[in-house]
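Chains as they are written, first to last, in this note's numbering: chain A, 118 to 394; chain B, 118 to 394; chain C, 118 to 394; chain D, 118 to 394.
It is worth saying that the hints were derived from the structure and are not from the lab.
A quick note: this is a predicted structure, and the numbers were derived from the prediction, not measured.
Each residue gets a CB set at the ideal place from its N, CA and C atoms; glycine is no exception.
Hints may contain errors.
To be verified - Keeping only pairs whose Cα atoms sit at most 25 Å apart, straight-line, the calculated SDA-like set for lysine to any residue is: (1) D:LYS250 / C:ARG241; (2) D:LYS250 / C:HIS254; (3) D:LYS150 / B:HIS148; (4) C:LYS250 / B:ARG186; (5) B:LYS150 / D:GLY366; (6) C:LYS150 / A:HIS387; (7) D:LYS150 / D:GLU311; (8) D:LYS250 / C:THR208; (9) B:LYS150 / B:ASP169; (10) C:LYS250 / D:THR208.
Stated by the list, open to error - Simulated coverage check for chain D against chain A, where a stretch passes if three residues somewhere in it have a Cβ under 8 Å from a Cβ of chain A: (11) 189–199; (12) 264–270.
There are 4 protein chains.
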Amino acid sequence: MCRWLAYWGTPVLLDTILYRPTHSLIDQSLHSKLGVETTNGDGFGVGWYSRDNDSPALLRDVGPAWNNRNLRELADHVRSSLFFAHIRASTGTAVQQSNCHPFRYGRWMFMHNGAIADFRLLRRDLTLLVDPKLYPHIEGTTDSEVMFYLALTFGLDEDPPAAVATMAGVVERVGHQHGVEFPLQMTIAVTDGERLWAFRYSSAHASRSLFYSSRVEALRRLHPDLGFLQEVSGETRLIVSEPLGDLPGAWNEVPESSYGVVQPGVDEMHRFEPVAA
Amino acid sequence: MCRWLAYWGTPVLLDTILYRPTHSLIDQSLHSKLGVETTNGDGFGVGWYSRDNDSPALLRDVGPAWNNRNLRELADHVRSSLFFAHIRASTGTAVQQSNCHPFRYGRWMFMHNGAIADFRLLRRDLTLLVDPKLYPHIEGTTDSEVMFYLALTFGLDEDPPAAVATMAGVVERVGHQHGVEFPLQMTIAVTDGERLWAFRYSSAHASRSLFYSSRVEALRRLHPDLGFLQEVSGETRLIVSEPLGDLPGAWNEVPESSYGVVQPGVDEMHRFEPVAA
Amino acid sequence: MCRWLAYWGTPVLLDTILYRPTHSLIDQSLHSKLGVETTNGDGFGVGWYSRDNDSPALLRDVGPAWNNRNLRELADHVRSSLFFAHIRASTGTAVQQSNCHPFRYGRWMFMHNGAIADFRLLRRDLTLLVDPKLYPHIEGTTDSEVMFYLALTFGLDEDPPAAVATMAGVVERVGHQHGVEFPLQMTIAVTDGERLWAFRYSSAHASRSLFYSSRVEALRRLHPDLGFLQEVSGETRLIVSEPLGDLPGAWNEVPESSYGVVQPGVDEMHRFEPVAA
Amino acid sequence: MCRWLAYWGTPVLLDTILYRPTHSLIDQSLHSKLGVETTNGDGFGVGWYSRDNDSPALLRDVGPAWNNRNLRELADHVRSSLFFAHIRASTGTAVQQSNCHPFRYGRWMFMHNGAIADFRLLRRDLTLLVDPKLYPHIEGTTDSEVMFYLALTFGLDEDPPAAVATMAGVVERVGHQHGVEFPLQMTIAVTDGERLWAFRYSSAHASRSLFYSSRVEALRRLHPDLGFLQEVSGETRLIVSEPLGDLPGAWNEVPESSYGVVQPGVDEMHRFEPVAA
Chain A
118 MCRWLAYWGT PVLLDTILYR PTHSLIDQSL HSKLGVETTN GDGFGVGWYS RDNDSPALLR
178 DVGPAWNNRN LRELADHVRS SLFFAHIRAS TGTAVQQSNC HPFRYGRWMF MHNGAIADFR
238 LLRRDLTLLV DPKLYPHIEG TTDSEVMFYL ALTFGLDEDP PAAVATMAGV VERVGHQHGV
298 EFPLQMTIAV TDGERLWAFR YSSAHASRSL FYSSRVEALR RLHPDLGFLQ EVSGETRLIV
358 SEPLGDLPGA WNEVPESSYG VVQPGVDEMH RFEPVAA
Chain B
118 MCRWLAYWGT PVLLDTILYR PTHSLIDQSL HSKLGVETTN GDGFGVGWYS RDNDSPALLR
178 DVGPAWNNRN LRELADHVRS SLFFAHIRAS TGTAVQQSNC HPFRYGRWMF MHNGAIADFR
238 LLRRDLTLLV DPKLYPHIEG TTDSEVMFYL ALTFGLDEDP PAAVATMAGV VERVGHQHGV
298 EFPLQMTIAV TDGERLWAFR YSSAHASRSL FYSSRVEALR RLHPDLGFLQ EVSGETRLIV
358 SEPLGDLPGA WNEVPESSYG VVQPGVDEMH RFEPVAA
Chain C
118 MCRWLAYWGT PVLLDTILYR PTHSLIDQSL HSKLGVETTN GDGFGVGWYS RDNDSPALLR
178 DVGPAWNNRN LRELADHVRS SLFFAHIRAS TGTAVQQSNC HPFRYGRWMF MHNGAIADFR
238 LLRRDLTLLV DPKLYPHIEG TTDSEVMFYL ALTFGLDEDP PAAVATMAGV VERVGHQHGV
298 EFPLQMTIAV TDGERLWAFR YSSAHASRSL FYSSRVEALR RLHPDLGFLQ EVSGETRLIV
358 SEPLGDLPGA WNEVPESSYG VVQPGVDEMH RFEPVAA
Chain D
118 MCRWLAYWGT PVLLDTILYR PTHSLIDQSL HSKLGVETTN GDGFGVGWYS RDNDSPALLR
178 DVGPAWNNRN LRELADHVRS SLFFAHIRAS TGTAVQQSNC HPFRYGRWMF MHNGAIADFR
238 LLRRDLTLLV DPKLYPHIEG TTDSEVMFYL ALTFGLDEDP PAAVATMAGV VERVGHQHGV
298 EFPLQMTIAV TDGERLWAFR YSSAHASRSL FYSSRVEALR RLHPDLGFLQ EVSGETRLIV
358 SEPLGDLPGA WNEVPESSYG VVQPGVDEMH RFEPVAA
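Whole structure, please, built from the sequences with the hints as guidance.
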């Protein structure tokens, strides 16, 4: 299992979000409170969009986030309006850069907390369902990357919620074919550089935690003394595996079997259900 | 492309073979003479058999061999009668530990110099031909590892030359199906911890270089002053991508489309031909 | 702070001691119970003596021990009668191989848990006291390595307890000169490949935990069913930062301000006091 | 020895300079033409200034530049008007992040090609001459970093050419005291984020190569077809260990025992002489 964070809104230094808050994601790499594992030291990744490239940049490495100096440097110098960060606790697959989240394909970026149960058993069948044209782009050996390529196969580019629902349906179908009762456990973030989708689902309906930040204007009323809140736009939003900081009223749980859309204008929250495929 | 070395014979410190000779394999990681690339700095691996385990030990890392301190340490302290060493120049796949040779399955160890042409194109079809029971053991993304698992699929455990010939035939068939004229380029070493097989073959019959050391008794007559030759058994044998040292009479080219067997008693050399499968 | 383990006795596979016990040192890298930090993921090291070399071999790396595959390989294949293992939680200095314990000089090996308080302040003065002939051998930037080179400077080769006592006295004197009230916190293991010395001391007399294993014959009486105890000699001894396993009667605390000697024949325990120097 | 590159001028994507040119610095990490070593694979570093921080950002790693994916990512997404890049061929000191150039202190950045002869012999005396207040900031073990801290000690902040000249004088004096005939070999780049100084000097007056790019307006006349030259300001300047690309008229050798200043307005070139100190 892992921990992750997705930021959408006013451009900020990565440091503001990654390191500054009490119980920041970087702290969580050493001491997660809500994770299945307390330590998430099997690699990390940050992905961000810049003005010069439609495709996001990735900084990923195999050591722990808490002692990585390149990440610390980047956080002090890179500003972005849309970025993902992920810290990994391997559920068995190799600790290597190609297994670190986020994953990227063109302008798309994807990260995952959770697991496909008995993935060693299901891996071949699931990988076969990836579009042969996409197959050569798979670089690592995680369940998460296969989930991403399945979503791409099933139309992520056109309809992200439908593509993720089909992917989830396929994972469950293949899992059940192999006798796995609860094949899927996932919280997922995916973005095309414009909008951000976050999913919370598990076959057993006992999904890993996922939270979204309250509306900035509400937080400003609650915490008029916090300068940071004055600087970011009203639309700024964070989605996290577990809350950062200790601001009362700041965090709301994404309901079980749901997904949210962060976008210009009004955000959305919908029910999520795998599509039998 | 890469460089490799296989040792079979009297137990020696790895240092004796890996670092001591002029133009040693470690030197070749910086300055190969016969390789397609002069630098082989994209990871390395050493595999050796010890008394405590039927399965060989692997030390592999993603940096260059020439500056790796753990390899230097091991070479000064580990003694083995059968070991492989490999230095990698990536032909495109990721530089990660799971892509470093040698590869291992149970008591079997395998390494490769060469490439499957257009592997990105052929990868999916070839991987599908791996026995589904073996499939979950594939950890990396190289053509070499897929070749190993295909050989295992086709009976490496029973008849290594036949299994490698079938693997080569399958690679050529799948390659031709995708319009690749010369799909395979390989020098391969494979061992079960008892015997050692070395193959030299390429679809275009223009294979990478491969050499085997002369019989120790002949070398002793040629070089009576060399202490090392007095210490090793008459059966000791080295197979290398390019000659170590500068001993006249020490090295013989493995003929094009051939394989050799190093074993207790008399070694063998045979013609190698892919089996259409 | 860190965790460490020193083994002296019948040759065993490293695996037997490093991975097999419940709450093994490798487990402690993720979940230490008695350490100041629960996670010790800032590098690790193993040092062992082999037959081919008076000087011990070191395998050290900057990632966590718990997911290191080369350590796992070595543990399954290397057998030694005297080895050290160390997992690191950096107290601020860089996470790099040259800062990983154990340290080595000739046949000597050294490792440390603890810290010199305000080391940044004291580093220059302490480093100056290292014998200029030894100075070029300092490779890293830790307080621990400076402590080792001070001990070498003060006669480790002739009288280890006296050399360590002088080192401790010097650290305290230089610390006091800089206004540091309690300059030293240490548990140390040091060996010349024959005998093993373990020290527990801190300026505030509140030293980190240190334990030694009970006499094997006593353990055999308590646990006649444990095969492992039948296989090792009566003189086999383990010194650890925190107990491995859950064997009643197996572990004894090294008293505050003491040092023990593990050696052929009868082991010793003495009071330790820094020598004003 | 090493290779380096310094860029000052119109903000560009790092990619434009680091990867795009024929015989780029990244190519030189594999195949340097003018370097003492053809391979510079013992770590690398990039340092750049951004708008959010007076102090430059550093991305440094211990593997070769040619296969580093994080560097590749950064180069596609980071734009800067002043950056350094360095590829390392170790002359003996450890391959670790803290030994990778550029080095940084506050807003200052420094990199070096060359060596202090017999540095192991001179290291202690030279390190002692570093201001004790700066001493704790030394993180690695290279001669280069000590040169940087000596320059800082001797007033880099006030008068960079004088500080570097005093540093060079001190290195020569201490070298001579130890019987080293030609103690210093250096090409150096140093910047405070505004101006850039580049030095070429060696005690034997046989310094490593160093080149500066021609004035942009002259290049535009010579190569009117090159779009890149239309986009950068007339003041844009590159200093490199060996020429990139194959543009006739593009490169000029920095004369032996000289230094140049790249700055707003007219650049300067002066004679360099160590100051006896």
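Hints, verified against the model:
1. Simply put, D:LYS250 and C:ARG241 have alpha-carbon atoms about 10 Å apart, close enough for the 25 Å limit, and the pair holds.
2. A threshold of 25 Å between alpha carbons decides the hint, and for D:LYS250 with C:HIS254 the separation of about 24 Å falls inside it, so the pair holds.
3. Between the alpha carbons of D:LYS150 and B:HIS148 the distance comes to roughly 14 Å, so the proposed pair stays at or under 25 Å and holds.
4. For the hint linking C:LYS250 to B:ARG186, the alpha-carbon distance of about 23 Å falls within 25 Å, and the restraint holds.
5. Simply put, B:LYS150 and D:GLY366 have alpha-carbon atoms about 34 Å apart, too far for the 25 Å limit, and the pair is violated.
6. For the hint linking C:LYS150 to A:HIS387, the alpha-carbon distance of about 43 Å lies beyond 25 Å, and the restraint is violated.
7. Between D:LYS150 and D:GLU311 the CA atoms are separated by roughly 31 Å; this puts the pair beyond 25 Å, and the hint is violated.
8. Simply put, D:LYS250 and C:THR208 have alpha-carbon atoms about 20 Å apart, close enough for the 25 Å limit, and the pair holds.
9. Proposed proximity of B:LYS150 and B:ASP169 is contradicted: the alpha carbons are some 37 Å apart, above 25 Å.
10. For the hint linking C:LYS250 to D:THR208, the alpha-carbon distance of about 20 Å falls within 25 Å, and the restraint holds.
11. Counting residues of the segment 189–199 of chain D whose beta carbon lies closer than 8 Å to any beta carbon of chain A gives 6, which meets the minimum of three for the stated coverage.
12. Look at the segment 264–270 of chain D against chain A: 0 of its residues bring a Cβ nearer than 8 Å to a Cβ of that chain, fewer than three, so the hint is violated.
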